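Full structure from sequences and hints, please.
Listed here are the chains, written in short residue letters.
There are 2 protein chains.
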Amino acid sequence: MEKEKAEQEEQVVNPWEVSAKGTGKIDYDKLIDQFGCQRLDKSFVDRVFRLTSRTPHMFLRRNVFFAHRDFNEILDAYERGEKFYLYTGRGPSSEALHLGHLVPFMFTKYLQEAFKVPLVIQLTDDEKCMWKNLTVEESKRLARENAKDIIACGFDISRTFIFSDFDYVGGAFYENMVKVAKCVTYNKVVGIFGFTGEDHIGKISFPPVQAVPSFPSHSIYWGMGSDDASGHSNFVDAMMRQDPYFRMTRDVAPRLGYNKPALIESLFFPTLQGETGKMSASDANSAIYVTDSQKDIKYKVNKYAFSGGKDSVENHRKYGANLEVDIPFKYLSFFLDDDEELEHIRKEYARAAVTDEMVDAFMAVRPLPNMFN
Amino acid sequence: MEKEKAEQEEQVVNPWEVSAKGTGKIDYDKLIDQFGCQRLDKSFVDRVFRLTSRTPHMFLRRNVFFAHRDFNEILDAYERGEKFYLYTGRGPSSEALHLGHLVPFMFTKYLQEAFKVPLVIQLTDDEKCMWKNLTVEESKRLARENAKDIIACGFDISRTFIFSDFDYVGGAFYENMVKVAKCVTYNKVVGIFGFTGEDHIGKISFPPVQAVPSFPSHSIYWGMGSDDASGHSNFVDAMMRQDPYFRMTRDVAPRLGYNKPALIESLFFPTLQGETGKMSASDANSAIYVTDSQKDIKYKVNKYAFSGGKDSVENHRKYGANLEVDIPFKYLSFFLDDDEELEHIRKEYARAAVTDEMVDAFMAVRPLPNMFN
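Those sequence lines, one after another, are chains A and B. Reading the first sequence from the start, the letters are residues 1 to 373 in my numbering. Reading the second sequence from the start, the letters are residues 1001 to 1373 in my numbering.
In the DMTMM-like style, the derived pairs of lysine to aspartate or glutamate whose C-alpha atoms are separated by at most 25 Å in a straight line are:
#, chain 1, residue 1, chain 2, residue 2
1, B, K1260, A, E137
2, B, K1260, A, D199
3, A, K260, B, D1199
4, B, K1132, B, E1198
5, B, K1298, B, D1337
6, A, K203, B, D1251
7, A, K203, B, D1167
Since the hints were made in silico from the structure, they are not lab data. Treat the numbers as computed from the prediction; the structure is a model and nothing was measured.
Right under this line is the structure:
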């Protein structure tokens, strides 16, 4: 079972926990093997460039999105002029989004623009109510607040539907939840998600909720006849840790008469403290929030960001920085769009320990064309 | 655990299976002890008479409804002028209702009239979709068909809400499902319902769906402010085998800030073949359907009804009938309103084996004032 294998490799990756052990870094190659998805190599990036006639997003170029399932089939469908739609989501557990949260939304916005496709965004307030033990009212409130930050990423109102589960579950959506649930045994969800007998039945009921948006049965979203939608494919943009939901969904889809959703997956956005884990909304100093001021950001990066520099100026000048673990450099690789500038910094930093320079580069006043609309 | 005890006593009673073993009859005293509810004795029947100023329904007089939880508190509330509402339901697994199905609806109609209270009726099409492996469409269709037979029992349109789960789940109902689910562990539902690892997660998700109508949060049903409804009690009218759902619901209710639902429970309506089980829609010859013609009924009773008469006229004249197991007599005790006539038949039959007479009495053209509106 996936969970047992994960424990043996001493890293834990599931929708509710991400932690590396041993070397302190997530071993992505191992994760790809373990989960059974595929590496996203340069040929894909080139193909996307050819098909969309625009520079691929830096997240593709930098391999922030690095794994996939059937992305090639989505590109094939697109080439044939067939329709697909996008699905991404967020579990609204904190008031403001942090940088790690923004990664899938920035990328999804790019996909929407590049391929000119519709998008559904699921806000899993029910999930957070259950896992974080929030009240229904609080989780719904957070969902609505988060929707504002998400909208600010610049999605196309004419092609984007955002929904909160508590508001939206019902009708055709609930029918599909039941259909999915009939296809998955308790033993199966234990194997995928690691539930135990002490878990409440809400958790056990939840996986179908995250599966259902993958099925183009929401002609209700679009006002189309169901015949139009039934042949559509779905392309899911998610963090790697959500993979278990989509393995389950892909297994169930054909039994319900739907195409398997394709998937593209990103690295975890590292905490300020380093690659040992994922930026978490429950530890304010592990993250930089969209609401943090410039002063906050400078303070946090200076105080908490894990440095790949050596312990003395002498050693650093001799050996350079370890860019594998240096957090400010990693942040730049996520957000600094200019490849040349990034390469320049990489080379320079590898030979210097000027942390202030890194922070300044990160905080330079300059256009970020994909960050906000 | 309740289920293990049930297996030791060799009778099985849960929402999906009712079977007696050993003596061949359901041992109701044992069931009451095992489930932990209370006997409904004559003092209740008298009190209902005094409070409602009308003859108590024959199902109360004959102890067809024989067990309860907190019925006294409902009567106390009623005396104080406080509000309560009724909740009953049906799992729509067959096209036409049979006599056993009618019992709770006939009784609920009486309760509505006697106490002048609102009523919600839940049609669990999702449950039947999952347990009977029906398609969503088929289960919704059966729910609608059954609603017609239920309405024909004569409920008050101004105070009755009937809903199908597939149509109705969502919004406040779904919020309550999540709240209930958070309060119940997987181990707990295994203990109550006997689920196993091979059961699909739809079954495990279902108990909250049957619990939620017990909570007066459906101000949405009534257009009242939630303040009005929150203090209301709920009185559930169900078959004894549904008791496990309501034990769970009563356990959860205080944690959600609601009153525990009170419950009144009926005997199982015996199959034609005898007291060994419950009339089942999946065996057409075990049941008499509302759609059966007079000829069908006469045929079925003659051919299949288990007789309590002795095996020879001589023995029957000497010992009389065993009315404990005689099905035609039992049917009369359910449906023949006239107590004197029933007593007369009891005495006469106990000394005769005239099966035709029993059938004729059962099929006599005579008013059945509570059967249809």
